[in-house]
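Quick one: dock chain against chain with the hints and give me the complex.
Line by line, the protein sequences are chains A and B. In terms of the working numbering, the first sequence has 508 at position 508, counting the first letter as 1, and numbering is strictly consecutive. In terms of the working numbering, the second sequence has 34 at position 34, counting the first letter as 1, and numbering is strictly consecutive.
These are computed hints drawn from the structure, not numbers from a lab. Treat the numbers as computed from the prediction; the structure is a model and nothing was measured. One or more hints might be untrue.
Said to hold, decoys possible - Over 10 Å on every C-beta distance to chain A, these chain B residues come out as not near it, computed from the model:
#1 Asp19
#2 Tyr38
#3 Glu91
As the list claims (entries may be wrong) - Listed next, the stretches of chain B that the computed footprint assigns to chain A, with coverage defined by at least 3 CB atoms under 8 Å from CB atoms of chain A:
#4 66 to 79
#5 98 to 108
Think of the CB as a built atom: it goes at the ideal place given N, C-alpha and C, for glycine as much as any other residue.
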Amino acid sequence: MIIQWINRKIGRQLMASFYIVLTTLMISSLIVYNYTDTKLQETRQKLEDIRDRSARAGALWEEWQDLQFNMRGYALIGDREIYQKMVDQRATIDEQTRWFEENAIYTQGKDYARSSRELYAYYFESILPLIESYVEAKETGTVDESFLRGTTLTSLPLGKELLASGRIKLDGAGNIDVLSEINKSELALGGYREFLEEWSETTSGQLEREIQTTQLIWLSNIVVLVGVLIFLIYPFIRRITAELLSLVKNSERLASGEDVSRVKIPDRTDEIGILAVSFNQMASSISDNKQHLLAKNEELQAQQEELQAQQEELQAQQQELEEALELTMRNEQHLQYRNDLTETLAAREALTAYPEIIEKLVTITDSEIGALVFVDEGAAYSIVTHGMTEELSEQLLGGDFSLLKRAESLKKAVHSSKQVASDHPLPYPYYMYETAVPILDPASEEIIAFIYLVRYRDQFTNEQMRDVMSFSRQLSLSLLRMRLFDEMNREKTKTERILDSIREAVIYIEPGKQEVFVNRPLYDLFPELQHGTTKTETLQGCLDTIRAVVDEPETFSRYVEGVLQGEVPKNSLQFSIRQQVVFIHFYVEPIEIDGMRKGTMLVLRDVTKETEMDRLKSELVSTVSHELRTPLSSIYGFTELMLNRDIDLSKQDRYLKTIHSETERLANLVNDFLDVQRMESGTQSYQKRPLDLRPLLEETTQFYAASTTKHTITFRSFNETGPWIEADEEKMKQLMNNLLNNAVKYSPSGGTIEVVLTADQHHVQFTVRDEGIGIPKTALAKLFEKFYRVDNSDSRKIGGTGLGLAICKEIVEGHDGEILVDSVERKGSLFTVKLPQMVTSHSAVSEMIDMSGK
Amino acid sequence: MARILLAEDEDVLRMLVLDTLEDEGYTIDEATDGDEAYQKIMSQHYDLVLLDYMMPGMTGIEVIEKVRRHPDKQHLKIMMLTAKSQQSDRERAEEIGANYFFSKPFSPLELIDVVGGILSDHPVD
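Chain B on its own, in the form it takes in the complex (with noise of 0.2 Å):
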């Protein structure tokens, strides 16, 4: 089964979205900064990974602009969870490399379709 990371800083929404996919039976591996997302992509692999926008440590962002530079992260599946809807932050993260979007508040049934989508369109190795 495919393995997820999910950088998320609140705990409640951490706890909301882990319940959601694991049920779904994903694997889901947390991190409650962008330090601790960078270092868990950078040394484990993952098939996808949800990352909050505002985060202590690195800033979602700042963590795919980070991941980008190395050659082997580059086909890395990264979704952004945001509150901040507004174009021109979703503008900046895809120029750096973000691949999806979903925004805050969200429908975890919602999730899980989209989650499914973006997995099965792409077979896991």
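So here's chain A without its partners, still in its complex pose (with noise of 0.2 Å):
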């Protein structure tokens, strides 16, 4: 089962192959790690043991050497704690000396545990008792002596006792021989240790031969496993390239068109099996099929044959056919020419189709230039022209060109022909043929243009001359027509230019039109409306736009509400606009004509100006009165008083000074309006002479400076002498008094008020700053205007005629100056007058001051 399964794969069979091997080398490398593992795991137990017997067979003999050691004191010494010491040391010794005897394995070990015991025997049965004898005769006294010596021990009864059972001997000397004995154990330890060694050597050798050998052996073991794995695939491997191969092959012979019927089918059920198979279907279908496309093939190319034959007479009909409709083409497209040009010459608008028409003209009689010359009032001649020089054109309109005078005389067509030298307009030597068709009025049998058309090759036909004449009538009652809307559009034109000229606004609407014409003033008046010049608006458009920005809307409506309705109302209507900036004087004019209402013309006024001039003037009415009443109250109040009382002389004098300075404010006001009045007139004349200005500022200061109290008014300047300036010195006077009068006038709480004069190479200037109640921002433009005056409760407090400002203005200006004003709200005011500086030579200079001497 499971071998079929991998059969049918090619990369299962590879894989079956590889996980074969692959396991074998797995478990072998197992075997021989684990074999390895174990010897190393028993030698490294080995060694310890070998290490072990030999730190134990060390212990034992430093034991017996410190035995010795302290087997000498306690006979030195006899003390008790020595002795106990050693009985200690005697059952440790016991002790690791049977550790040997049980444990030891090898002759040397044992040979070690033997002389150990003998040594203990000696020792503790023979020379310890000994010893203990000799301490207690040392102790009795009956031995005294420093060192001890082993003859004296053997002289004791318990050494006389021991030496006669021979279990101790004397050596040469007469000692006893422990040395001896102590030696014997030395050297077993000395073997035994040398042999343990050899014996650690040896093992650990063993161990690294094993070691290498295993891996030696694990090491082949792969060589083989690889070996194998080589063997097994590479056949494999090739017996698949092999059977492909054949089928690359095969299908390279199919291809080329060899046939390929039969292909050995390898003994497979993988995939090339299936390809082999499949292949073999392939080729022998492919060969059926090609058998039957080449029957195929013949009969089609039977058919191609036939079809071609057919397709040979189709083209020739086809042929025919496009010759048929190209000409019912021409045909139609020359009607449809006919039919543009007749619709154009009927159409409202031909006053701009003269070079269509005249285009259309040349193509339907197939010429190659053409031009309508129109007979314009006192002969003159203008043209209109396709296809022509800038000098035939010329030559049309010179009034003596030959076929045009044949036409004129005649009041018929007429034609020429003439030969052309070869350079121009053809490379060749050509014929031209010209015609040229008067056009006639129907009314007065007068010419009012010329068709004038030229072609080459060919005359005109009788039909292209029918067609002609045929246009040449309907030309004329189109040329008058356009004349006559030429005239219209003139005298509309004329008529919008007088409506855009005058004035007022104005909207004409018709009853019923929704459509209105308005004129160029009323877009100059609602700017809203956008267009600028004569239009027609709709009216609710136009009313709309108004009524937004007429400040009472609901009076403008109810007005133009009723004139909609066909009233006429008898009285006008004044609004104002954009809060009241503009009054308009709104009124409604019908237009009839015999008799008979055609429409109405709403007008609208700009009246501002006027509105202006009415509001100024009765301003001006009420202030004058006011401030002549003033005065003259006094003067009629103090003379009545004066002339019906007895009144004390101080009284009196005091009533006539007060009388005398009314009076003169009487003539100062009355002077203003003579000033302005001379203003307005034009016929305000200067006498202007040279003059030092600063010591008239400088007088004119400390008069003023002399007659307020609740002021400071300083005066400075940055020149010695000068600057002259060519003045009216009366004039210069009355302008420093006004703006010095202003300037205490307009700063009722007192505070500084500062004039300045400076001059550079060409201007003087002069300056007064006082810190007033200062002039609204809004004024500041209008302030020089004369009756202006700055309209708030502040400013009415103060009276004042509106007089001064305008005429220090006017002043300033006769003498080729300015004037110029700058202020802020309840700081202040600041008026600065420029005037040009005398053109002065050096001796110019003396000779004013010589002057100004006299």
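Below is the structure:
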């Protein structure tokens, strides 16, 4: 089962082989590893054991050495403590010796155990009791010596006894031979240790060898397995490649057209097997199809030949049809042109269509070039051309073009033909056929235009001429209409220009029409309408736009509503727009022709200026009457008092002074009015003379400084003398008086008033600065207009005619200077006067000084 | 004798009226602008107030308007001295509560008669 499953795919076969080899490799590696590890463990244990034995042997030997040392000490000092230590050591030595006796494996170990045991017997059974008896003898005083001698021991009873039993022996000097016993034991130890070392080395060497052997076996194992792998897989791959190659070869043969009827099918169930089977099927099916196709091909060739014959026949037919179609289309085109031309001639906008008309005429008549020559007023010609040179068109306009002359005198179509030199406009000699057809006014039989046409090669056919003639009749009607239209248009434009040039804005409405006619001033008045020149607008749009800016839209709507219903209001309407910026006088004029009402004209007249003037005038009247009445009242009152009462002298004096000053005030007021009158009529004249401005300003300032206690009035100049100007001294005084008077008047709470004079090369400048109530920003622009007065509660309370500054401006401008104002409300104002400095040479200056000296 | 308040900003006119009426034996108090006039009217008793129309601070009309708001000043006699004889101004002043009008330029003798008439028709309390 599994083998079949594996055989079905090449991949599976390869993987199976690979897995087998891999598994074998892994198992053998595991075995080798396990064996090596066990060996290593065993050896390590053995070495541990050897090391332990060696340590134990060393320890036992040291114990012996120690005991010997203790024994000597005990013999000398006889200390019980040392004795006790020796008893403890005896137990230890006994235990250690027994370990060796029980655990020794080799002879050397056993020898060492035995020699230790012999030494044990010798020391603890013979020597220790002997030493004990020696110590005892020393304590009893039987023996008295500082150093232990072997001979003394043997002389002791126990020594004698032991010697007798042979358990101790004497050396040559008669001492007890302790050393030889010890030496024997040491020798045994040395031998044992040597043996242990050798043993350990042997064990390590053995381990190394074993490991090497194992590794060698493992390596050879791998080599063998790799060999097996190659041995197994190579033929497998070779077989597959060979089979595939055979398939490729067969495919190539098939592709090159050979007949590959059969391929040997390998005995395989995998892809190659399937591929081979499919290939066989394909090859056989292809070979079947090929034969079938060959048969079909022959059949088709026969059919194709037949079709070709048919096609040729059809092509011939088609050509015939195309020719017929082209002819029809040409006719149709011709008709279309004629139609277009007729339409153009009938259209209202024919004015701009002359070029189109002549172009169409040229096309219809198959001409090369053409022109419409109009006979205008006074027998002058004008021309519209098509395809014509400037030269020729000028000839036509010239008035003595023979063909036109002929047509004019005959009043019918005339022709001519002439040979033309080769150079122009065709590169070879050719004939040029011309025709001129006069267009007659049907009423007066007068010629109003000519149609002029030119063609090369052929004469105009009768048919073409008939076309031209028929168009000439149509053209005559059309031309007359166009002339009428032109005239009307000119009239209309004239009317529009007239309407545009009047000051009043006009909206002309006709009953039942939404479109209204408006003029340019309306757009000026209401820029919201946005056009700018005379146009038609919708009534609703117009009225809505106006209503949007009218200050009282209800009143406006009511008035307009009445007009739209046909009323003609007797009264006009006065209204303002944009918050009283513009005032409009609005009235209605019905338009009647032959007693019939045709429409209504709404007239809007901008009366802002007039309104403003009215306001100023009425304000002037009230101001002037107020200004006049105050001095008049005092003069009237005081004189009456003086006439009717007995008044003491001091009071009389005061009254008279008052009357005098008030009279002066009146006189000044009257002078102001007269000045303004002169200003308006342009009769003001100035007595200009060289004038040193500095003393004039200084004196005026001083005068005002003396007349007020509330204000501090100062004068500063940056020049010692001069500057000199050419001016009317009286007017300069008046200017200065007005400015200072204002500065004082409009600083009701006092403060500083400063007059500063400066000069540069060309100009003289003086400023008057106060700390008064100031001037609102909005009023600054109008400040120097006559009768203008700042309209707020502060200034109302301060009287004035509104003439002072207007007079100042007039004076300054009369001297080619300028006056400027700058102000901050509630902080103060600054008036600046700039005048041109007198052009002076050195001598002129000295002359002036002379004059001033006089 | 009757107490009169004279509110007038023009020095010469004030002097004229003062001299005219003082000689007739009236006690005259002076105010040179509208604010001063209002304060004096509110703080003192006067039998008659002579009020100029155009003054710095409050105008004569504004003074009357403010004064008449107080219940105890409803019957105070106020005469406007005005150069503005226009009908519209007069109507406005009357509406607000001015009792008499006297036009500039005026005759001092006529003023004495008018003031005397006003004050004698209504006995001093």
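Comparing the hints with the structure gives:
1. Asp19: With a cut-off of 10 Å, Asp19(B) comes too close to chain A, as the shortest Cβ separation is near 7 Å.
2. Tyr38: About 14 Å separates Tyr38(B) from the closest Cβ of chain A, which puts it past 10 Å; holds.
3. Glu91: Glu91(B) is indeed farther than 10 Å from all Cβ atoms of chain A, at 15 Å.
4. 66 to 79: Our answer is that it is violated, as 0 residues pass the Cβ test (under 8 Å) against chain A, missing three.
5. 98 to 108: With 5 residues closer than 8 Å to chain A, the segment 98 to 108 of chain B meets the three-residue bar; holds.
The structure fails to meet hints 1, 4 from the earlier list, while all remaining hints are met.
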